Amino acid sequence: MTVPVHLRHDETFVLNLGPQHPATHGVLRVKLTMDGEYIVKAEPVLGYIHRMHEKLAEGGTFAQFMPNTARMDYLHALAFNHGWALVVEKAAGIEVPERAEYIRVITVELNRIASHLLWWAAFLLDLGGFTPLLYAFDDREKIVDLLERVTGSRLTYCYLRFGGVYNDIDDEFIAGTRDFIKRLRGRMPRLYHDLVTHNIILIKRIKDIGFVSAEQCRRYGATGPVARGSGIDYDIRKNEPYSVYPEFDFDVPVFDECDSMARYMVRMHEIEQSMRIIEQALDKLPAGPVMGKAPKVLKPEAGYYYSAVETARGSLGHRLVCNGDKNPYKLKLRSPTFSNLSLFGEVAEGMLLADALAFMGSLDLVIPEIDR
Amino acid sequence: METSMWRALLYLVGLLAFAGVNAAWLGWCERKGAARIQRRIGPCEAGFAGLLQPLADGLKLMSKQLLVPQGVDGIIFRVAPVLAMIPAITSLAVIPFSENIGARAMELSLLLLFALASIGMIAILLGGWASGNKYAIISAARSVSQNLAYEIPMLLTVITVVMISGSMNLREIALDQQGGFWHWNIFRLEHGHFLTMWISFIIFFICSVAETNRAPFDMAEAESELVAGFMTEYSSMGFGLFMMGEYLNIVVGACLTATLFLGGWDCPFGLTPGIWWFLLKIYVLIFTFIWIRWTYPRTQIYRLLNLSWKILIPFSMANLLVTAALIKVF
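Top line first, the protein sequences correspond to chains A and B. Just so you know, we're using our numbering here: the first sequence kicks off at 1 and counts up by one. Just so you know, we're using our numbering here: the second sequence kicks off at 1 and counts up by one.
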């Protein structure tokens, strides 16, 4: 609601949202100070699923950390794989064959679509619409089947290797991916847009709700669809290109409305853009090996290394410190959701509980990635 | 109409059975309907097409411990679910199922129904309040403001029906609409009532969705905000009674809509009027309730109140005036 509310700070009560609550999608706890249904203060409390992944990285070899990356952002696991592979390849100077780069892009983008579909489903569930969840899962299931075919797992992928990918894609995967894109394009207008996007109740719920200014995005370091919904044209795939992304023709959807609807529209358009990237990658897919030459035991030179990739939720940075040993000396992750969640407290102030939860849903939180 | 002992007993057993069967199997209908809308199969293991599912659910709920958390107001906490169920069952007593089937044809049956509906709201308030849970209290407060807001336009539209029929007896109102769909209040030709009555019908239908706390107006049990709202602390049959009360309220709402606007037991083409037409109408209405619930996302409490106070109440008042004018002029 855009009407400024006069909040009373003397007659408040504390409402614990989580760590087990149907709206927080994981073990996030938000300590809300409420005046009736209005939020006076919102404090996210983190750490309920902290598994010290960054510290764990120091204990094993570089390759041993690869499965852990998928356990952080389980919805866009392949992007986390990709980020880790990039930084280690940079440190050890490993070349990746072109076919492997293309396969990386195809699978990462497929995973991005799956992540956005699941976000869409969960967001609608937050808004009380249960049916869209099953439509989105129907489509996501096709992606999961495709990825299972090449990666061997359905959720927490460990598919990328230093110097390539674990498994080549076959004709059936290519045909299946093309079928899927055709199917999703056919279903998008009716099941996603007619039923939900143009629904008056949904528009009233998320339009002009959850205003995040570009200035706030910059201050909190918000990236991904949250920043692009606030008019910031920033996508690592375009601005700091990595892998073979410069070879594809795709747009970065940017909306200036700064509200939850803008973030919603950014993600819906990104699904379409990811499909465009996959189609081009399948058309141009070169022949060749999928694994380059990489030493069995990695011992990168001592130094500081950094890689950034664009996940479904924003930019993910890996800061790696090596001391010439066979395991990382230090690893620090810059995960997108942490920054995106940080602005929740400031924005939610003065909002109604239900609006704040709709806003929280529009941030697309994946809690294990915040706590790590 | 003679009121013998046997007649009373027959109606008591009959209505309780009707209420029980509806409360149990509407849950099945809802799950099957939702499943079809969502391209699923729904319950299919227990019995043919999952028809025994309600029994399984009931047995499961009854075998659970009826938890009464510490710090709750024990008596009110236990009474509230019963209070949600009783008014809904009692309401069935004044509903005319057909010309000859209907337990009591009271003169003020319409008024009685609305009085009983308000008690259902109090049950939610008491349940939420007694739970001592913050989510439950927010839910109870929402539910009261919602019900207050929607009873006004609902009563205003009902007055238009009462003016046309000249009676507050549901049986009289239904009898007044016999003889084909052009006599039904919604399409009524005489006095040109069809001009305004369809608006009354739409307002009444929206209000009855809101009154029964159904999606998209299920503010009181918005699970993504309030966990389970006023039912958060309830387990076992305490929860079960609230659920059954909700379904019975839907049945009563559909019965009322069918009687007030759709000619009660009348056939649209004047053929064999009877209870089957009445049942057909109420189940079509109930299906519409289910359909709406599984199609729309939830709205917001202030939008809901805005809809009532700024749109439905002015419209129903204007509607009332026009209907009165039509009666006076023609």
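No lab work stands behind these hints: they were computed from the structure. Every value quoted in this text rests on a predicted model; they were computed, and no experiment measured them. Mixed in with the good hints there might be a few duds.
DSBU-like mimics (lysine-lysine), calculated; alpha carbons at most 35 Å apart, straight line [claimed, not checked]:
| no. | chain 1 | residue 1 | chain 2 | residue 2 |
| --- | --- | --- | --- | --- |
| 1 | A | LYS55 | A | LYS293 |
| 2 | B | LYS134 | A | LYS204 |
| 3 | A | LYS41 | B | LYS134 |
| 4 | B | LYS328 | A | LYS31 |
| 5 | A | LYS238 | A | LYS284 |
| 6 | A | LYS90 | A | LYS41 |
| 7 | A | LYS207 | A | LYS55 |
| 8 | A | LYS204 | B | LYS310 |
| 9 | B | LYS64 | A | LYS41 |
| 10 | A | LYS326 | A | LYS299 |
| 11 | A | LYS55 | A | LYS326 |
| 12 | B | LYS134 | A | LYS207 |
| 13 | A | LYS31 | A | LYS182 |
| 14 | A | LYS332 | A | LYS182 |
| 15 | A | LYS284 | A | LYS142 |
| 16 | A | LYS31 | A | LYS204 |
| 17 | B | LYS64 | A | LYS207 |
| 18 | A | LYS90 | A | LYS284 |
| 19 | A | LYS330 | A | LYS31 |
| 20 | A | LYS204 | A | LYS41 |
| 21 | A | LYS142 | A | LYS31 |
| 22 | B | LYS64 | A | LYS31 |
| 23 | A | LYS330 | A | LYS238 |
| 24 | A | LYS182 | A | LYS207 |
Consistency of the hints with the structure:
1. A:LYS55 with A:LYS293: The hint holds at about 28 Å.
2. B:LYS134 with A:LYS204: Measuring from Cα to Cα gives roughly 27 Å; hence the hint holds.
3. A:LYS41 with B:LYS134: 17 Å, holds
4. B:LYS328 with A:LYS31: 61 Å, violated
5. A:LYS238 with A:LYS284: 19 Å, holds
6. A:LYS90 with A:LYS41: 43 Å, violated
7. A:LYS207 with A:LYS55: 42 Å, violated
8. A:LYS204 with B:LYS310: 16 Å, holds
9. B:LYS64 with A:LYS41: 38 Å, violated
10. A:LYS326 with A:LYS299: 5 Å, holds
11. A:LYS55 with A:LYS326: Holds. LYS55 (chain A) to LYS326 (chain A) sits at ~15 Å (cutoff 35 Å).
12. B:LYS134 with A:LYS207: 28 Å, holds
13. A:LYS31 with A:LYS182: 44 Å, violated
14. A:LYS332 with A:LYS182: 40 Å, violated
15. A:LYS284 with A:LYS142: Holds - the C-alpha atoms of LYS142 (chain A) and LYS284 (chain A) are around 23 Å apart, at most 35 Å.
16. A:LYS31 with A:LYS204: Given that 35 Å is the threshold and the Cα spacing comes to 27 Å, the pair holds.
17. B:LYS64 with A:LYS207: 43 Å, violated
18. A:LYS90 with A:LYS284: Distance of about 25 Å is within 35 Å: holds.
19. A:LYS330 with A:LYS31: OK: LYS330 (chain A) and LYS31 (chain A) at ~33 Å, within 35 Å.
20. A:LYS204 with A:LYS41: With a Cα-Cα distance of about 24 Å, the restraint between LYS204 (chain A) and LYS41 (chain A) holds, given a limit of 35 Å.
21. A:LYS142 with A:LYS31: 38 Å, violated
22. B:LYS64 with A:LYS31: 32 Å, holds
23. A:LYS330 with A:LYS238: Cα-Cα ~28 Å, so holds.
24. A:LYS182 with A:LYS207: 30 Å, holds
Checked against the numbered hints given earlier, the structure breaks hints 4, 6, 7, 9, 13, 14, 17, 21 and satisfies all the rest.
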